[in-house]
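Number of protein chains: 2
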Amino acid sequence: MDVSALLTSAGINISVTSLLLSVYSILRKQPSNLSVYFGKRLASVGNRLDDSFSLERFASSSSWIVKAWETSEDEILAIGGMDAVIIIRIIVFSIRIFSIAAIICILLVLPVNYYGNDIIHMEISSESLEVFTIANVEEGSKWFWVHCLALHVISWSACVLLYFEYKSITRTRLAHITGSPPDPSHFTVLVRAVPWSSEHSYSDSVKQFFMNYYSSSYLSHQIVYRASTVRKLMNDAENMCQLVKNFSTEEKSKLSLLPCLCGKPNSFEVLSDESDSVRENIGFDISDLASEKEYAVAFVYFKTRYAAIVAAEVLHSENPMLWVTELAPEPNDVLWSNLCIPYRQLWFRKIAILLAAIAFMIVFLAPVAFVQGLTRLHQLSHAFPFLKGMFKQKYIKQLVTGYLPSVILILFQYAVPPTMMLFSTVEGSVSHSGRKRSACIKVLSFTIWNVFFVNVLSGSIMGQLNAISSVKIILNQLAAAVPIQASFFMTYVLTSGWASLAVEMVQPLGLVYNTMKKCVCRIKEDQPNGFLSFPYHTEVSKLLMFGFLGFICSVMAPLILPLLLIYFVLAYLVYKNQIINVYTTDYESGGKFWPIAHNSTIVSLVLTQIIALGVFGIKRSTVAFGFTIPLIFGTLLFNEYCRQRFFPTFTKMSAQVLTEMDRQDEQGGRMEEIYQQLRSAYCQFRLISQDLCKSGRMDHQGDQNSIRIHRIATCISDIWVIHPFYVDLY
Amino acid sequence: MDVSALLTSAGINISVTSLLLSVYSILRKQPSNLSVYFGKRLASVGNRLDDSFSLERFASSSSWIVKAWETSEDEILAIGGMDAVIIIRIIVFSIRIFSIAAIICILLVLPVNYYGNDIIHMEISSESLEVFTIANVEEGSKWFWVHCLALHVISWSACVLLYFEYKSITRTRLAHITGSPPDPSHFTVLVRAVPWSSEHSYSDSVKQFFMNYYSSSYLSHQIVYRASTVRKLMNDAENMCQLVKNFSTEEKSKLSLLPCLCGKPNSFEVLSDESDSVRENIGFDISDLASEKEYAVAFVYFKTRYAAIVAAEVLHSENPMLWVTELAPEPNDVLWSNLCIPYRQLWFRKIAILLAAIAFMIVFLAPVAFVQGLTRLHQLSHAFPFLKGMFKQKYIKQLVTGYLPSVILILFQYAVPPTMMLFSTVEGSVSHSGRKRSACIKVLSFTIWNVFFVNVLSGSIMGQLNAISSVKIILNQLAAAVPIQASFFMTYVLTSGWASLAVEMVQPLGLVYNTMKKCVCRIKEDQPNGFLSFPYHTEVSKLLMFGFLGFICSVMAPLILPLLLIYFVLAYLVYKNQIINVYTTDYESGGKFWPIAHNSTIVSLVLTQIIALGVFGIKRSTVAFGFTIPLIFGTLLFNEYCRQRFFPTFTKMSAQVLTEMDRQDEQGGRMEEIYQQLRSAYCQFRLISQDLCKSGRMDHQGDQNSIRIHRIATCISDIWVIHPFYVDLY
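Protein sequences, first through last, are from chains A and B. The first sequence: position 314 = 314 (the working numbering), numbered continuously. The second sequence: position 539 = 539 (the working numbering), numbered continuously.
Treat the hints with caution; some may be incorrect.
It does not matter which identical chain is used: a pair holds within one copy or between any two.
To be verified - Below, a list of computed lysine to any residue pairs in the SDA-like style, where the Cα atoms sit at most 20 angstroms apart: (1) Lys167 / Arg344; (2) Lys652 / Glu313; (3) Lys67 / Tyr572; (4) Lys392 / Ala102; (5) Lys350 / Arg645; (6) Lys592 / Glu318; (7) Lys652 / Glu326; (8) Lys207 / Thr659; (9) Lys619 / Asn581; (10) Lys518 / Ala312; (11) Lys592 / Thr651; (12) Lys350 / Ile632; (13) Lys592 / Ser317; (14) Lys652 / Glu318; (15) Lys29 / Val506; (16) Lys67 / Ala502; (17) Lys652 / Val324; (18) Lys167 / Ser317; (19) Lys167 / Glu318; (20) Lys207 / Glu326; (21) Lys167 / Leu322; (22) Lys652 / Ala312; (23) Lys303 / Ile177; (24) Lys350 / Cys642; (25) Lys303 / Ser216; (26) Lys207 / Gln656; (27) Lys350 / Leu636.
These aren't lab readings, by the way, just hints derived from the structure by calculation. Keep in mind the model is a prediction, meaning the values are calculated, not measured.
With the sequences and hints as input, model every part of the structure.
Pasting the structure below:
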């Protein structure tokens with residue numbers, strides 16, 4: 001690929017990006033698209049009806065950039081939670097490190113590369129991009145110390161920045177946890193694998209066990225129910241709905257006469273008590289199904305945070321596969337459908353999913369092989385001679401080598417996140433955020449494997465799978481191929497980076513859905529599209545992938561760095577805007593994406609150093625080779641230190657902090673209030689109870705029974721809609 | 001190597017073994033060798049002076065076999081503790097699995113191998129041993145299903161046996177823990193990395209922290225003291241010793257007049273209170289050195305076992321490198337010298353030791369390369385032509401190929417366990433048993449690497465290090481080399497197995513030391529040689545190494561199996577005898593050697609299957625190849641299941657069990673008694689206090705002060721003797 005092809009690609013992408021951003025600035029002004037571009041604000045307004053909501057605030061078309069720029073980290077934390085802060089911190093870290101890398105590499109490395117002697121210079125526009133890479137420096141050159149120096153500067157700066165980021169994020173996370181209102185999940189332990197007993201129900205077993213061993217701190221518990229019970233409830237509810245239709249019209253006439261007797265506050269009981277009240281009122285008894293209706297899973301509530309964490313971390317039974325405890329996820333974060341998976345299956349599922357993911361990666365080689373064929377036109381035209389004439393036209397050639405490959409790759413890659421999400425669901429994560437994190441790691445490994453390794457190592461991928469078994473051959477191949485493939489990564493940054501950010505802004509899917517809803521279904525209300533939550537698993541892995549490419553190419557092919565910097569600055573604005581305006585924060589992982597980002601950066605750094613080692617080896621620069629080896633060990637040692645120093649705080653809560661929080665709440669007399677909240681926090685049919693609380697509030701004079709029945713019916717149908725996978729599986 | 005060379009080797013080893021065993025049966029009858037061969041019994045007698053100890057019981061020369069055979073597992077558990085049971089269980093497991101393997105392989109596999117067609121048969125005595133291996137079966141033979149079947153039977157039996165062993169050992173271990181008298185280590189937590197404060201001493205910090213956060217369960221604590229304080233004490237003690245010499249003679253004259261006033265029970269106070277009493281009596285004040293004398297390490301005692309385990313497992317501080325807690329080792333098990341290592345160094349030390357161990361393995365290639373040269377005489381005589389004439393003599397050739405290589409290897413390998421022990425010491429383990437376990441793993445990996453891989457893969461080791469980088473090449477080389485190298489392993493079993501067991505019985509080192517003591521130093525008393533404790537790190541790794549060889553060779557070269565079976569039966573008798581008679585049990589790891597044995601067996605199995613896969617591949621047997629692949633996955637899945645099901649109970653204690661134990665002790669009113677024991681259990685100068693307790697008991701009318709001072713002086717000098725490494729390091 002030559003400079004003009006890169007410019008073509010850049011031109012196309014700049015126009016596409018600008019076009020999309022102007023389209024965005026027009027579309028966002030239309031009141032009908034409110035639900036697409038201001039879902040977050042709409043959601044918060046929906047919860048606070050007294051807030052005066054003026055559309056004029058969002059009228060100015062370029063103001064979003066200023067607004068996004070001015071929003072501080074504290075505001076982001078308040079609006080989007082800890083995870084939103086992490087994504088911004090990843091971007092800021094990337095901007096910092098790649099600014100340093102760009103300065104060093106463009107000032108020092110680029111001239112050395114360009115005035116190397118391996119390739120004959122041509123007119124600048126048809127100059128091959130390889131002229132700007134390390135491939136242009138001749139073997140045994142004395143100038144490799146420049147590359148080695150740049151590598152050292154980048155590695156050291158990255159480690160220093162990473163250290164301070166990790167430290168500050170740990171502190172922010174802790175402050176966020178201690179500063180937030182009491183979180184029910186801190187008092188709750190998820191107990192799995194409750195042993196089956198013929199004498200007691202699971203619920204009684206749980207009560208007995210914790211009353212026995214945790215008598216001083218045990219508060220209460222809540223068992224998770226079986227879907228078949230819900231299925232039965234649904235059938236009954238449907239019948240009842242019919243029955244109540246008449247019943248409610250009769251009642252309503254009475255109500256108009258006696259409004260003060262009905263609509264008491266207790267009509268808005270939490271749904272966990274629902275079965276009892278339903279039973280009393282309608283005579284529906286599900287206790288006959290006692291043994292069938294419960295899962296061996298329960299949420300156990302404790303009186304203090306400290307007691308909960310102790311119960312979560314201690315090994316309870318002699319058999320480690322019974323009474324398995326962990327801290328419960330936040331109430332909104334619970335993935336109810338996965339709680340039904342027997343604990344004994346989990347380890348097996350994890351292994352099966354690992355194998356499935358590897359199989360998926362191998363199957364995915366086919367489109368990648370096709371794509372990389374496109375970047376090597378001479379091979380392609382050799383295989384299909386009739387294309388030869390076409391490729392002789394200059395613009396088509398530039399289009400095909402510069403733009404098409406990465407577009408195809410991106411289209412194929414749209415299938416990856418949903419697949420990985422499915423994998424993570426089957427794997428058995430019990431929380432939405434845990435599932436997203438697991439999917440994030442899978443998407444990231446997949447992208448790095450497919451975009452980087454396969455593209456780099458594939459002359460003819462399938463034929464070389466044999467050669468891949470040798471470490472040394474791989475290293476040499478990587479070292480030889482990275483500088484040459486750098487041009488592909490540049491176009492990848494342009495297409496997948498810049499353009500996809502603009503697409504993210506425009507939200508085409510949301511737009512289409514919204515238009516369909518308004519034009520076809522004629523629904524006029526401005527309900528946001530099911531409160532979208534931030535797709536961390538795709539966006540974090542995308543950012544880390546570009547960071548990875550940046551590190552790998554920095555010393556080899558520094559031209560990629562300015563493109564990347566533009567991408568990250570754009571990403572900074574776009575993601576901030578999306579966090580403020582679009583995505584809601586129903587649940588969060590509490591910043592647990594940072595260790596993923598840290599590890600990914602370390603892997604990138606070490607791989608960069610190893611590839612540089614290979615290049616210095618091939619180019620016979622002993623000095624640079626020798627100075628790179630300690631760098632690898634240093635980076636690994638640094639990582640190990642961070643793993644010891646910071647990582648445990650992301651998996652465990654410190655007893656000291658929790659005890660202090662408990663004491664403050666006790667001294668403030670807030671404990672009783674917290675216990676009240678706690679008893680209703682984990683409600684298996686929660687999503688609906690929220691909805692109904694709202695509708696209940698609006699319909700104060702409404703019929704108590706009909707609300708209850710409606711509530712059950714909606715809740716059941718919602719469960720069916722929310723967990724289609726679960727329904728399919730069982 | 002041919003059959004007659006093997007027979008030569010077998011003949012030599014059988015004679016050596018029989019000779020050594022008869023020497024043993026004579027030597028053990030000599031009263032002067034009591035301390036060498038009955039150290040264990042002597043030790044237990046030393047503690048119970050009222051027991052009448054008759055030497056006639058040990059007079060009969062062949063009775064030891066009967067006695068060892070008849071001793072049941074419960075008796076072994078009572079005599080040698082859980083670790084002794086584990087070593088016997090490893091042997092029993094090996095006997096069982098290799099009996100099955102021997103039956104299958106000798107009945108089915110051996111005939112197939114022998115009547116294969118690749119090698120022309122000769123007279124049986126000069127028949128090459130390769131005739132009995134899989135190398136003799138021709139390519140593409142239809143008989144490989146026999147090998148595949150044998151592999152399946154062995155793998156399945158091994159997994160079933162392993163499962164039941166793991167289950168029963170877990171149960172035995174639990175019963176042992178609950179059945180034993182209260183163990184101070186269950187109530188004690190080792191706290192490391194106590195943060196430094198300018199206002200408080202470490203002791204005050206610890207007290208403050210645990211009084212604050214564990215007020216209900218905290219009992220007391222004990223800080224670990226700095227060696228420089230002890231050094232100062234030693235100087236002072238030396239001066240005092242001089243001073244007291246006169247003093248004590250004066251006192252003694254008084255004592256003879258007033259015996260009833262002295263020698264009160266409180267003269268045998270535990271040594272942790274020593275500094276106070278010393279200060280009162282002699283006016284020596286060490287509190288001036290307050291900030292200097294303490295380490296940031298403390299033993300914290302709790303009121304219940306449950307409280308201790310909670311404190312041990314919870315993360316205490318926001319900084320995971322402060323207030324690091326773990327359950328304390330047993331009092332006898334504490335490795336005091338390693339407690340001084342700052343916690344921050346530990347991770348770094350572990351990495352450094354890993355690198356050092358790898359370096360050691362590489363350096364060790366030199367003797368191994370020499371040894372494997374000996375087994376290939378034609379190469380050796382090619383390099384040194386003057387040896388050619390010598391090798392033409394038949395017996396010398398047989399000796400050199402059949403016996404010498406493994407003898408040289410064994411001699412070199414005597415250097416390995418001490419080196420690995422040193423590595424494990426530097427690594428920073430805080431308990432003797434932990435250090436032994438760590439050394440055991442190191443010795444085992446080293447032996448497997450050096451005896452197996454290097455021997456197998458080395459045609460010319462150094463030259464092939466390049467080729468080793470490719471997985472496929474390694475696999476093919478292994479598959480080709482294992483059947484050929486099997487003859488070396490057979491002689492290895494004979495020399496290193498049989499003969500070393502006999503050497504273990506005779507205890508030449510102990511014998512020489514004893515003789516020196518009696519003849520040169522003229523010490524007549526029958527004190528055992530410093531109460532030898534069982535060298536689990538060498539013996540367990542030796543047993544596992546032979547198990548490894550057995551699995552690897554079982555299908556390839558079944559002739560090794562009868563030799564191995566004899567080895568294990570002999571080991572069963574020898575180790576039982578040694579446990580009963582020789583080694584004392586000062587400390588134990590509570591059966592934690594079993595997970596090592598389990599993992600080692602799984603590794604052996606998987607490697608066997610992989611090598612078989614390679615052989616089936618080379619020999620072009622598609623069916624056998626296809627049926628072996630699921631076996632590998634099955635074994636790995638089985639291992640993963642065991643890791644989930646059993647392993648956690650070996651690292652963590654179950655809260656349920658501990659709470660029940662606490663309740664029993666509370667109901668039995670034993671708690672106060674336990675607290676009393678607890679306060680004196682962890683005494684930094686313990687080894688001496690024991691000695692002195694004994695000497696004190698014998699010297700009831702002795703002088704209180706002189707005993708105290710003597711106690712301090714001995715304790716200090718003992719620390720110096722016990723921890724030479726520590727002295728060298730600082």
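Results for each hint:
1. Lys167 / Arg344: between (37 angstroms within a copy, 17 angstroms between copies)
2. Lys652 / Glu313: both (9 angstroms within a copy, 11 angstroms between copies)
3. Lys67 / Tyr572: within (12 angstroms within a copy, 79 angstroms between copies)
4. Lys392 / Ala102: Neither way: Lys392 and Ala102 sit 36 angstroms apart in one copy and 72 angstroms across, limit 20 angstroms.
5. Lys350 / Arg645: Between copies, since 16 angstroms is at most 20 angstroms while 28 angstroms is not.
6. Lys592 / Glu318: between (31 angstroms within a copy, 16 angstroms between copies)
7. Lys652 / Glu326: both (10 angstroms within a copy, 16 angstroms between copies)
8. Lys207 / Thr659: The answer is between: 17 angstroms across copies meets 20 angstroms, while 25 angstroms in one copy does not.
9. Lys619 / Asn581: Neither: 51 angstroms inside a copy, 66 angstroms across copies.
10. Lys518 / Ala312: neither (48 angstroms within a copy, 60 angstroms between copies)
11. Lys592 / Thr651: Only inside one copy: Lys592 and Thr651 sit 8 angstroms apart there, 27 angstroms across copies, limit 20 angstroms.
12. Lys350 / Ile632: between (31 angstroms within a copy, 18 angstroms between copies)
13. Lys592 / Ser317: Cα proximity of Lys592 and Ser317: across copies only (19 angstroms, versus 29 angstroms in one copy).
14. Lys652 / Glu318: Between copies only: 10 angstroms across chains, 23 angstroms inside a chain, cut-off 20 angstroms.
15. Lys29 / Val506: within (12 angstroms within a copy, 95 angstroms between copies)
16. Lys67 / Ala502: Only inside one copy: Lys67 and Ala502 sit 17 angstroms apart there, 84 angstroms across copies, limit 20 angstroms.
17. Lys652 / Val324: Both ways: Lys652 and Val324 sit 16 angstroms apart in one copy and 13 angstroms across, limit 20 angstroms.
18. Lys167 / Ser317: between (37 angstroms within a copy, 15 angstroms between copies)
19. Lys167 / Glu318: For Lys167 and Glu318, the Cα distance is within 20 angstroms only across copies (11 angstroms; inside one copy 38 angstroms).
20. Lys207 / Glu326: Answer is within: at 17 angstroms inside a copy they meet the 20 angstroms cutoff, but 30 angstroms across does not.
21. Lys167 / Leu322: between (37 angstroms within a copy, 15 angstroms between copies)
22. Lys652 / Ala312: Classified as both; 10 angstroms inside a copy, 14 angstroms across copies.
23. Lys303 / Ile177: This pair counts as within: shortest intra-copy Cα distance 18 angstroms, inter-copy 32 angstroms.
24. Lys350 / Cys642: between (27 angstroms within a copy, 15 angstroms between copies)
25. Lys303 / Ser216: Answer is both: 8 angstroms inside a copy and 16 angstroms across each meet the 20 angstroms cutoff.
26. Lys207 / Gln656: The answer is between: 15 angstroms across copies meets 20 angstroms, while 28 angstroms in one copy does not.
27. Lys350 / Leu636: between (27 angstroms within a copy, 14 angstroms between copies)
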